[in-house]
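For the protein sequence lines, the chains are A and B, in the order given.
The numbering of the first sequence is the working numbering, which starts it at 1 and goes up by one.
The numbering of the second sequence is the working numbering, which starts it at 1001 and goes up by one.
Rather than coming from a laboratory, the hints here were simulated on the basis of the structure.
Nothing here was measured: the structure is a model prediction, and the numbers come from that model.
Wrong hints could be hidden among the right ones.
Said to hold, decoys possible - In silico DSSO-like links for lysine-lysine, alpha-carbon gap of 30 Å or less: (1) K1206(B) to K25(A); (2) K25(A) to K1051(B); (3) K66(A) to K1237(B); (4) K94(A) to K1024(B); (5) K10(A) to K1206(B); (6) K66(A) to K1318(B); (7) K1225(B) to K25(A); (8) K1024(B) to K18(A); (9) K1196(B) to K96(A); (10) K1024(B) to K10(A); (11) K53(A) to K1225(B); (12) K1314(B) to K96(A); (13) K1051(B) to K66(A); (14) K1318(B) to K25(A); (15) K1314(B) to K53(A); (16) K1225(B) to K94(A); (17) K18(A) to K1314(B).
Stated by the list, open to error - Pulled a few chain A residues facing chain B out of the computed Cβ check, cut under 8 Å: (18) I34; (19) D37; (20) V57; (21) F78; (22) Y95; (23) K96; (24) L98; (25) Y107.
Using N, Cα and C, we set each Cβ at its ideal position, and we do this for glycine too.
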Amino acid sequence: MLHNQTNETKETQITIDKLVAETQKLADNGYRFIIMDVFESGENFELIYEYGKDYDVTTLRFTVAKGTEIPSISPIFFNALLIENENQDLYGLKYKGLVVDFGGRLYMAVDEVEAPPQSMAGINVSLVKKWNKKADTAKKEG
Amino acid sequence: MGDRRTVIPFGPQHPVLPEPIQLKLVLEDEIVVEALPQIGYIHRGLERLVKVRDFNQMVFVAERICGICSFQHAMTYCLGIERLMNIEVPERADYLRVIWSELHRVHSHLLWLGLFADGFGFESMFMETWKIREAVVDMLEATAGSRVIISTCQVGGVRRDISPEFLQQILKLADDTERKIKAIENSVMNDYTVKKRTVDIGIVSKEQAWKLGAAGPTLRGSGVKWDARMIGYAGYKYLNFEPVVETAGDCYARTKVRFREIFVALDLLRQAIAKIPSGEINVKVKGNPEGEVLVQVEQPRGEVTYTFKANGTKNLEKMHVRTPTFANIPAFLTMLPGCELADVPILALTIDPCISCTER
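Starting from the given sequences, assemble the full structure and let the hints guide the process.
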C-alpha cells in the first residue's frame, strides 16, 4: 500500500496464524497500531493491518475465508478494539480474544433494531441508485 | 461502601457533549474504576457512499464528515486520490491548502477553548474565545464563501484563489488573534480553578499515549513529538515549524498544547503568505484512480488516516477513515479509572471529542 509519508512501502504478506506473533514483534520494536482495512473478495476477506513508528508505516496483509475466526490484536494494542468491534458490526467478522467484545453491537444498543448498518447501507445504496435513475429519466424527458 | 459498585450512564445527552456518545462509568463511591463507551447514535455510513458517488463527488462527502475540520477532511481525501493518480498539484494550491487548514486549526482550537471554559463554568472566557473565533470564521467566509463547509479543495488543487488583498487581511487577522489570545492566555493558564481542575488529572504517560494510538494534542501533551504535518504534505514541506510538546500528560498539558498550537498555526499562516508563489491553482484531472493508498493529515484534534482502494473506475472500491477522536477514545478510557466522577466532563473535553467524525 502506498502512503503519503514516503515512496517506500514496507509490506509483509503473512498467514493468519502469524498475525499475533508479527504484531507482537512490531509492538516490541516500538510500532503502534494505526488502522485496519477489510476488503471483501468473493468468499474471502483480505485483511490489512497498518502500524506506524516515527513517520514510517509498515503493513501486514493476509487473506481468510469468510467465517474464519480471527485472532484479536487488542490484547497487544488496546486501540484495536474499536476497529475490530466495528468490523464485527460492518462485515460480520468474528474475533477471538477481543479485550472488550460488543458482540456485533458497537454501533447499536442492545434494545435497538436488529438490522446491522451494513444492510442499512445496502438499502440506501439501492435507493440512491433508484433516485439517480429517476433524475436521469426526468432530465432526458426535459 | 468500598465493595459496592454503581454504574452511571454519562451521556448520550450531557451538557459538555454537543453530540451524543455514552460512557458507562463504573464507580466505587465517587471514583471511576472502569468505563465502557457506547457509540453509534449518529453513525452515518458515509464511507459506503463511494459505491454510488464518483471520486470527484466524494470530496464533498469527505468534508461533511466533520464541520470543524471539514477542509482537512477534503484535503486528506484529495491527497489520497492525487497520490493514486500521480497528480502534481500546483505550488500555489499547496500553499492555499495550508492557509485554509491553519485557519481551521485556529478556529477549532478556539471553539474547543470556549467549550472547555464553559465546561467548568468559566462563562466569560467562553464568550471571549468564541468572539475571537468569529473573526476567523468570517475570514473563511470572505475567502471561500462559506463559514463551515468551505468546499475549496478539489482533486488536482483548489477551486478558489485568495486575492493579495485578502492575504493581507489574513495577516492582520493573525496579528489581532495573537494579541487577543495572549491577553487571555494568562487568565486561563494561571487561573486557580483551571489549575485545580486540570493539573495532575487524567494523566497518560508518553509510552501509554503512543501505544494506545492517541492523536494530536492528546499525544503531544504526553510528550510524544509526533505531528503529521512533519510528513510534509501540501505546503508544509516549504515551511518551518516544530511540533508543540508538553510532557506532563495531564489535562493541563493538553490545554497548554492547544494554546501554543494556536500561535504555531498563526506563524504558519504568516510564513505561507510570505512565501506563496503566483500561478495556477489546479490541474486538469484525467482518468480514474487505481491502487491502494494510506494518507495521514494533522487535523486540529490529531492525525486523521484515510485508506483507499481503487480499481480504475470512477467509483472507489473502498474508503476507510480513522478520525482523531476514534483514535483518542482508547486513551480516554485509560485516563478515566482513578478519577472522580466530577472530573469526567473535563477529561472528556480535554480530548476535544468530535462525535460526528467518529460516527462518519
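Run the distance test for K66(A) versus K1318(B): straight-line Cα separation, threshold 30 Å. Roughly 18 Å between the alpha carbons, so the hint for K66(A) and K1318(B) holds.
With the threshold set at 30 Å, check whether the alpha-carbon distance from K1024(B) to K10(A) stays at or below it. violated, 40 Å
For the pair supplied as a hint, K66(A) and K1237(B), confirm whether the alpha-carbon distance does not exceed 30 Å. violated, 43 Å
Quickly compare the C-alpha distance for K1051(B) and K66(A) to 30 Å and report which way the hint goes. With a Cα-Cα distance of about 22 Å, the restraint between K1051(B) and K66(A) holds, given a limit of 30 Å.
Are the Cα positions of K53(A) and K1225(B) separated by 30 Å at most? holds, 12 Å
Per-residue hint verdict: V57(A), partner chain B, C-beta under 8 Å: holds, 6 Å
Just to be careful: measuring from the Cβ of I34(A) to every Cβ in chain B, is the smallest value less than 8 Å? Hint on I34(A): holds, closest Cβ of chain B at ~6 Å, below 8 Å.
Can we keep the D37(A) interface hint, with Cβ of chain B closer than 8 Å? holds, 5 Å
Just to be careful, I want the Cα atoms of K10(A) and K1206(B) compared with a cutoff of 30 Å; is the pair within it? Status holds; Cα separation ~26 Å.
Hinted pair K1196(B) and K96(A), Cα distance within 30 Å: Given that 30 Å is the threshold and the Cα spacing comes to 43 Å, the pair is violated.
Within a Cα-Cα threshold of 30 Å, do K1225(B) and K94(A) meet the stated pairing? violated, 36 Å
Could you check if L98(A) really has its C-beta closer than 8 Å to a C-beta on chain B? For L98(A), the interface hint is violated, since the closest Cβ of chain B sits about 13 Å away, which is over 8 Å.
This entry does not satisfy hints 2, 3, 8, 9, 10, 12, 15, 16, 17, 22, 23, 24, going by the numbered hints stated previously.
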